[in-house]
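These protein sequence lines map, in sequence, to chains A and B.
For the record, in the first sequence the residue sitting at position 627 is 627 according to the numbering used here, with numbers rising by one throughout.
For the record, in the second sequence the residue sitting at position 77 is 77 according to the numbering used here, with numbers rising by one throughout.
Be a bit skeptical, because a hint or two may be false.
Here are the simulated PhoX-like cross-link-like pairs (lysine-lysine), alpha carbons at most 25 Å apart as the crow flies [unchecked claim]:
hint: 1; chain 1: B; residue 1: LYS285; chain 2: B; residue 2: LYS59
hint: 2; chain 1: B; residue 1: LYS285; chain 2: B; residue 2: LYS232
hint: 3; chain 1: B; residue 1: LYS235; chain 2: A; residue 2: LYS168
hint: 4; chain 1: A; residue 1: LYS625; chain 2: A; residue 2: LYS139
hint: 5; chain 1: B; residue 1: LYS309; chain 2: A; residue 2: LYS168
hint: 6; chain 1: A; residue 1: LYS465; chain 2: A; residue 2: LYS625
hint: 7; chain 1: B; residue 1: LYS309; chain 2: B; residue 2: LYS372
hint: 8; chain 1: B; residue 1: LYS312; chain 2: A; residue 2: LYS465
hint: 9; chain 1: A; residue 1: LYS587; chain 2: B; residue 2: LYS166
hint: 10; chain 1: B; residue 1: LYS235; chain 2: B; residue 2: LYS285
hint: 11; chain 1: B; residue 1: LYS193; chain 2: B; residue 2: LYS163
hint: 12; chain 1: B; residue 1: LYS298; chain 2: B; residue 2: LYS327
hint: 13; chain 1: B; residue 1: LYS309; chain 2: A; residue 2: LYS465
hint: 14; chain 1: A; residue 1: LYS168; chain 2: A; residue 2: LYS95
hint: 15; chain 1: B; residue 1: LYS166; chain 2: B; residue 2: LYS285
Here chain A is said to cover these stretches of chain B; the calculated rule only asks that three of the stretch's residues, wherever they fall, bring their Cβ under 8 Å from a Cβ of chain A [said to hold, decoys possible]:
hint: 16; region: 21-29
hint: 17; region: 48-59
hint: 18; region: 66-72
hint: 19; region: 372-379
These are calculated hints, taken from the structure and not from any lab test.
Being a predicted model, the structure only gives us computed values, none of them experimental.
Note that CB positions come from ideal geometry on N, CA and C, so glycine has one too.
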Amino acid sequence: MSDSSSNTGRKLAAALVLAGLAAVFYNLVSVTRPPPGELRTIKDYSPWSAASIAVAESLPVQDGGRVKPLATYAGFNMLAIFGSRSMTVAGNDGKAQTLNPTAWLLDTLFRPQFAIQHPTFRVDNSAVLEAVGVKPRGKRDRYSYAELEPGLEKLIELADGYESIDPKHRDALQQQILDLAYNVRDFQSLLGQFAFARSGVAIGSGDEPQRLNVSTVMDKAPRIRDDLAAARRDGKAGRGPAEYLYQETTQVAGLAMRGMNIFPPAEASDRSWQNSGQRIMGVLNGVTHSPGPAIQDIMALEQSVHALDTGDAAFVKEFTSLCNDLAQRAAARGEGRHLALEASYNRADWFFNAFLLFFVGALCAVAMWMLGTGRSGRILAGITLGWTLSGLVLCVIAIVERCLIMQRAPVGNLYDTIIFISAACVLLALIIEGITRRRFALGLAPILGTLLVFLSRRYEMGDPKDHLDPLVAVLASNFWLTIHVITITLGYAAGLLCALLSTLYILMRGLRLDRADGELRRALTLAVYGMVCLTLFLSLVGTVLGGIWANDSWGRFWGWDPKENGALLIVIWTLVILHARLGGFIKEWGLHLASVFTACVVVFSWWHVNFLGVGLHNYGFTSGKDVLWTFYQAMLGLMLFGGTAKWLESRK
Amino acid sequence: MEQANPPAATKPRISLAARLLAWLSGLGLATVLLLLIGLLTWLATLEQIDSGLYHTLRKYFDWRAWYIIPEIGGTTVLLPLPGGYWVCALLALNLTLGGLLRWRRDWQRVGVFIAHMGIIYLLVAGAVAHHFSQRGHMRIADGATSNTAEDYFEHVVEVAEIKDGKPDVIQVIGGQYLTDLTGSASRSVSLSKMPIKLEFSGWLRNAEPTPVDENTSHAGATACDGYYLMPKPDKVEAEANTPGCVVQVDLGEGGKPETFLLSSAALEPVTLRHGERIFTMVLRKRLWLMPFAVRLDKFTADFHPGTMKPSKFVSEITRIEDGRQAKAVIQMNEPMRYANLTFYQASYDQLGQGPTAKMASVLEVVSNPADKWPQYSLYVVAFGLLVHFVAKLAGFILARSRHNPHV
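Looking at chain A on its own, in the form it has when it is part of the complex (with noise of 0.2 Å):
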C-alpha cells in the first residue's frame, strides 16, 4: 500500500476519532446541561452572597445514614430533580446568574418566592405534561413549580395509580410520571422546611391578624398540654384556644417533617438527627426530655429566616451561629469530621475537570499520532503525556479525598468502580508505554479516560444518589474491600485495556495505518499478551480472595451469584486465550480477536449481571441495558471486521 493512501486512511481515522470525542463531549454537555430556553427571568432576584454561601454549604445534614454538608445534599437532591448541578437564571437587569447546588437550595428553603419561579423542573417528554393538563413548550423544557401548580392534583391522581403497578410492567409515559410526581413531592418537602418561621402561628382574626413565634408557642407546650386534658376531661375538647394553638403548631410542623435532620440528637447513644418538624413536634407532644436546646434551635432558625427581611449581612451572621452552633455539636458527637473536606471536594468538582483535561489530552494524541515520529511529533507527545498526567492526578486526588471521607477503601459501589478503573486504566496505559515507547498507549490512555469518566458522569445523571454512602454490614470489612474488590476491579480495568488495544491493533492492521509495520505490531502483541497475562492474574487472585471472604460472610466459598460467575468467566475467557495461544491455536491476529471478546466478557460481570435481578450483588436498576447490547454488537461488528481483513491479508 502507497504512502499516500495510508495517509489518507490516517487522516480519515484521526477524524473518525475526533467525530467520536466530539460526541462525547456533546453528550455529556447536553445531558449535564438542561435544555435549551430562553433564560428565565424572576423579578426583583437577587444572587445569594459568597458568605452566605460557604456559610450554608458546610453546614451537617444527617442523610441517607451518614453526616454529610448540605452542598452535597444540595448537589444530590437538583441532581436528581433539575438534572445538574449549575442553573441558570436572570434578574432585573437581565443579567444570566448561575445557581451552584448551595444557592439554589438556599432559596427553596429560605426564598420560596423565587425558588417557585425556578425552572427547577427538567421535563424530556412533554406528553408527561400533556397528561397532567399542562401546555408544554416542546419535547424537552425545563419548568417552574409555579408552571406545573395547575397539573399537581392531575400529576398526583396519575401517579398513585400508576405507583401500584410492578415498574416492570409499567411503560416509560407512567415512569416519567411517577418521577415528576416523586421530584414534585421532594421539591415541596424542601419547600415547606423553614415554612413555620416565615408564618408563625395566625392568632386573632381579621386580614391581619397576630403571628406567634412557633418556638413561642414551644415554650407554652406544657400549658397547652394541660389545657387540651382539662379540656378533654370537661367534654369541651376542639374549642378552646389551646386546641387551636395545637393543630395550628402541629400543621405548620407537619410542612417540616421529612428530610433535612440538621439537628444533632442531645443523648449520646440516640443516632439519629432531628429535623425542624421532628423538633417542634417533640417539645409539643412533650416526648423530648429536655425542651430547652430544641426551642433554642428553633428559635435560631426563625431568627436567620427574620434576619434575612434586614439584609444579606445580618441573615450572614444570624445564620453562621446557627451553623457553628450546630457543627460544633456534631464535631462533639464525633461526626461530621471531614464536612469542610467534602464541601471542597463538592467544589473542585475533580472527575469534571479531569474530563476536559483528558479531553484535551485525547485532540492532541491524534495530532500525535498524525504527525508520526518528527519533532513536531515528539513535542505533542509530551504534551500528550502532560495533559493525561494533569488528569491523572486530579482523578487520584479525588479517589483519596472520598477514601478520607468515607474513612473506607476505594471501591464500595458501582460509582467507585467507574472512577477507580477509569484511573486505573490511564495509569496502566502510561505504564505501558514507559515500557514500549511506542505511543500507541499513550495515545489511548487519554482516550480511555475521557471515555471512562464520561461513563460516570452519565452514570451519576441516570442514578443521582449520593454515592458516598455507608456500606452495608456485609461490605463493612475495610480489609476485604481493600483486597478483593480492589484486585477485582483492577482486573476489570486491565481487561478492558487489553481489549483496546487489540482494538487499536485490528484498526491499524485491517485499515492498513500502520504501514505494515512489524516491530510495532510485535509491541502492541505482546502488550497484549501480558495485559491478557495482568488480567489472569488480577481476575483470578480476585476472584479467590473473593471466594474466601464469601466463606467468612455467607458460608460458601462459592455460591454461583451472577457476580461471582461473572468474575470467574473473565478467568476463564483469559485461561481460553492463554491455552488457546500456547497450543499454537491462535496466532497473532487470533490473540486480538479474542482479546477483543474480553471487553464484552468484563462488561457482562461489570454491568450486566447487575440488570439480571438475581443474586446477593443486585444492585436492582433495570434501565440502561440497550447500551450494553450496543457495546456487545460494536465489540462483535469490530471482531468481524478483523476476520474479515485478516481473511483478505490471507488471499494476497
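Given the structure of chain A, go ahead and fit chain B onto it with the hints provided.
The following block gives chain B in isolation, referenced to the frame of chain A:
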C-alpha cells in the same frame, strides 16, 4: 545404471495409549474444556433468573447430570452440552496429566507448573465440598438455647412415639427414600423401634393440601379426609417449596391400612394410635443435631440512622458442651469455627408480635472438610502466576526493541 529409490521415511509408530495420553493431557482439550466451562457458567447464570439457583445448579453441575439442554427465558436452546461436573473432572485430569507428565521441567515454566497444581487443588476442594459438605441454619430467640440446625432443602419423615406429652423415641426416614417416589412408584418402610409399617408414594416437590371441591380437578390424586395434594410449580427459591406425599400406615393390628397425606405445609402432625401407644408423623426439613448447644445471650441489629440499610448484626452466644460454657461472638465476616463446624451470622428474625416479641438470630451452620482449601490453593496459584509473569515481564523488558520508536 538405475538408481534404487531410497526407502520411504517411516514415522515411528505411536501406540493408541500414547495417543490417548497425549490427547488427554493436550492443550487442545484444555482449551475446549475451558470454553465449555465458560459457556456452562454463562448459561447457568442466565438460567437461574427463571429457574432459581438450586435447580439450575442441580441441572448444570451435579454429578448425576451427564448432559444438559439449556433453557433461557423459558425458551429451550437446542444445544446439548456435557454436564459441568464431568467437564471439571476431565479438566482436573487434563491438568494433572499435562502438569505432571507432559510439562517440560525447565525453570522458565516452573511458575505455570505451580499455578496448575494450585488449580487442581482448588478443583479437588470444590469436589470435596460438593460431596461432603452440609449446610443448615439455626434460628434462636434472644435468651433461648438450641442444639439443632435445620437443613435448607432435604425433607424427611419423622415418626415419634409420644410419652407424657413429649416425644420419647424418634425415627427418621431420610429424603433419599422419598424424593424418587414420583408417578406410581412406592416404597415400604418398617420402623425398627415401632410396630408400624409405612408405604410411601406420590411424592410431589411442591404441593399444597387443598380441600376436595367439585369444581376442582384432582384426577388421579389420593384424597384423604376431604383433602388432596395439589401440585404447584417449583418456587424459584427452592427452599420455599413445600413437598408432600401419600403414606399408607399399617399398625399391624390386623386392620385395614390407613391412608394419610403428608405435607410440609401442614400445621399439625398426623397422629396414630396403637393400643395405648401414641405416635405422631410429620414431613419436615431435616434437623441436624449439633455436638454442643448454643445459647443466644444477646442479638444486636443496627441500621445506619434514618435508613433500613444494615450496619451491624451481632450475636453474642454461649457454647454449652458437656456442662462447660464458653462465650463467643458471631457477626458479619466473623464466623465461629469450632468442632469442624462453622457458624455464620446469616440474618435475623422477629418471633411473635407486640411487646412480647423477641428478636431471633439466624445462624448458618456449615460442615465442610474443604473449608480452608481454596485459601491455601490461592496462595499456591498466586505464587505460581507471580513467578511466571515476573519472569515473562523481565524477559520482555530485557528483550524489547528501542529502535524506531514511532507509530
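Here's how the hints hold up against the structure:
no., hint, verdict
1, LYS285/B x LYS59/B, "holds (22 Å)"
2, LYS285/B x LYS232/B, "holds (18 Å)"
3, LYS235/B x LYS168/A, "holds (20 Å)"
4, LYS625/A x LYS139/A, "holds (24 Å)"
5, LYS309/B x LYS168/A, "holds (24 Å)"
6, LYS465/A x LYS625/A, "holds (20 Å)"
7, LYS309/B x LYS372/B, "violated (31 Å)"
8, LYS312/B x LYS465/A, "holds (23 Å)"
9, LYS587/A x LYS166/B, "violated (74 Å)"
10, LYS235/B x LYS285/B, "holds (16 Å)"
11, LYS193/B x LYS163/B, "holds (14 Å)"
12, LYS298/B x LYS327/B, "holds (11 Å)"
13, LYS309/B x LYS465/A, "holds (15 Å)"
14, LYS168/A x LYS95/A, "violated (45 Å)"
15, LYS166/B x LYS285/B, "holds (20 Å)"
16, 21-29, "holds (count 3)"
17, 48-59, "holds (count 5)"
18, 66-72, "violated (count 0)"
19, 372-379, "holds (count 4)"
In this structure, the earlier hints numbered 7, 9, 14, 18 are contradicted, and the remaining ones agree with it.
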